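Throughout the sequence shown, residue numbering follows my numbering, covering 1136 to 1265 in sequence.
Certain hints may be false.
To be verified - Pair by pair, the computed Cβ-Cβ distance ranges are: (1) A1252 with A1202: 39 to 49 Å; (2) R1242 with E1161: 48 to 58 Å; (3) Q1169 with N1212: 17 to 27 Å; (4) V1140 with S1221: 17 to 27 Å; (5) D1158 with F1179: 37 to 47 Å; (6) R1195 with R1138: 23 to 33 Å; (7) D1155 with E1197: 37 to 47 Å; (8) R1142 with R1195: 14 to 24 Å.
It is worth saying that the hints were derived from the structure and are not from the lab. As the structure is a computational prediction, the values presented were derived from the model and not from experiment. Ideal placement from N, C-alpha and C gives every residue a C-beta, glycine not left out.
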Amino acid sequence: MYRAVTRNIEVLVRPFYLEDRSDPSENRYVWGYQVTIDNRSDEFVQLLSRYWHITDGQGRVEEVRGAGVVGDLPELNPGDSYQYTSGCPLSTPSGIMVGHYTMRNGRGETFDIAIPAFSLDMPGTRRTVN
1136 MYRAVTRNIE
1146 VLVRPFYLED
1156 RSDPSENRYV
1166 WGYQVTIDNR
1176 SDEFVQLLSR
1186 YWHITDGQGR
1196 VEEVRGAGVV
1206 GDLPELNPGD
1216 SYQYTSGCPL
1226 STPSGIMVGH
1236 YTMRNGRGET
1246 FDIAIPAFSL
1256 DMPGTRRTVN
């Protein structure tokens, strides 16, 4: 589990490898990731957009921007949580994702909250440091 907190809004990410959707012989590796956003602040917020910076195992970068998440613009009152699951294909057996969500509070102010950097590793490929 990977965690970041910005302005008392916590973002937790749990990545997982999707073996049944991957085909290493075709250089296709697919991960899912579950995101939980916990509004621990004392103000209403709405998620407006997302930004992802995805780096594959060979250093190639893809940037993804878009409105909301999985077709939704979730609204979170203080104490609310929102959870969704999405996915990411790569042409290498490992990579890293990091990004941010742009939020708006009840006063109309927009601000970014961090999505923690998380590792995408095909089972059995993660390197260990001695």
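So the hint says 48 to 58 Å: do the beta-carbon atoms of R1242 and E1161 match that? At 50 Å between Cβs, range holds.
Note to self: For the hint 17 to 27 Å, verify it against the beta carbon of Q1169 and that of N1212.
What the structure shows: Holds, at about 22 Å.
_Consistency of beta-carbon spacing, F1179 to D1158, with hint 37 to 47 Å_ = holds (44 Å)
Report task. Note whether the CB distance of R1195 and R1138 lies within 23 to 33 Å or breaks it. Result -> Cβ of R1195 to Cβ of R1138: about 27 Å, so the range 23 to 33 Å holds.
Return holds or violated for the Cβ distance of V1140 and S1221 against the range 17 to 27 Å.
Given range 17 to 27 Å: holds, Cβ gap about 21 Å.
| Given a hinted range of 14 to 24 Å, is it respected by the beta-carbon distance of R1142 and R1195? | Given about 32 Å between the Cβ atoms, the range is violated.
Against the range 39 to 49 Å, how does the distance between the Cβ atoms of A1252 and A1202 compare: consistent or not? violated (23 Å)
message: Holds or violated: the 37 to 47 Å window for the beta-carbon distance between D1155 and E1197?
response: Given a distance of about 23 Å, which is not inside 37 to 47 Å, the answer is violated.
Checked against the numbered hints given earlier, this structure breaks hints 1, 7 and 8; the rest are met.
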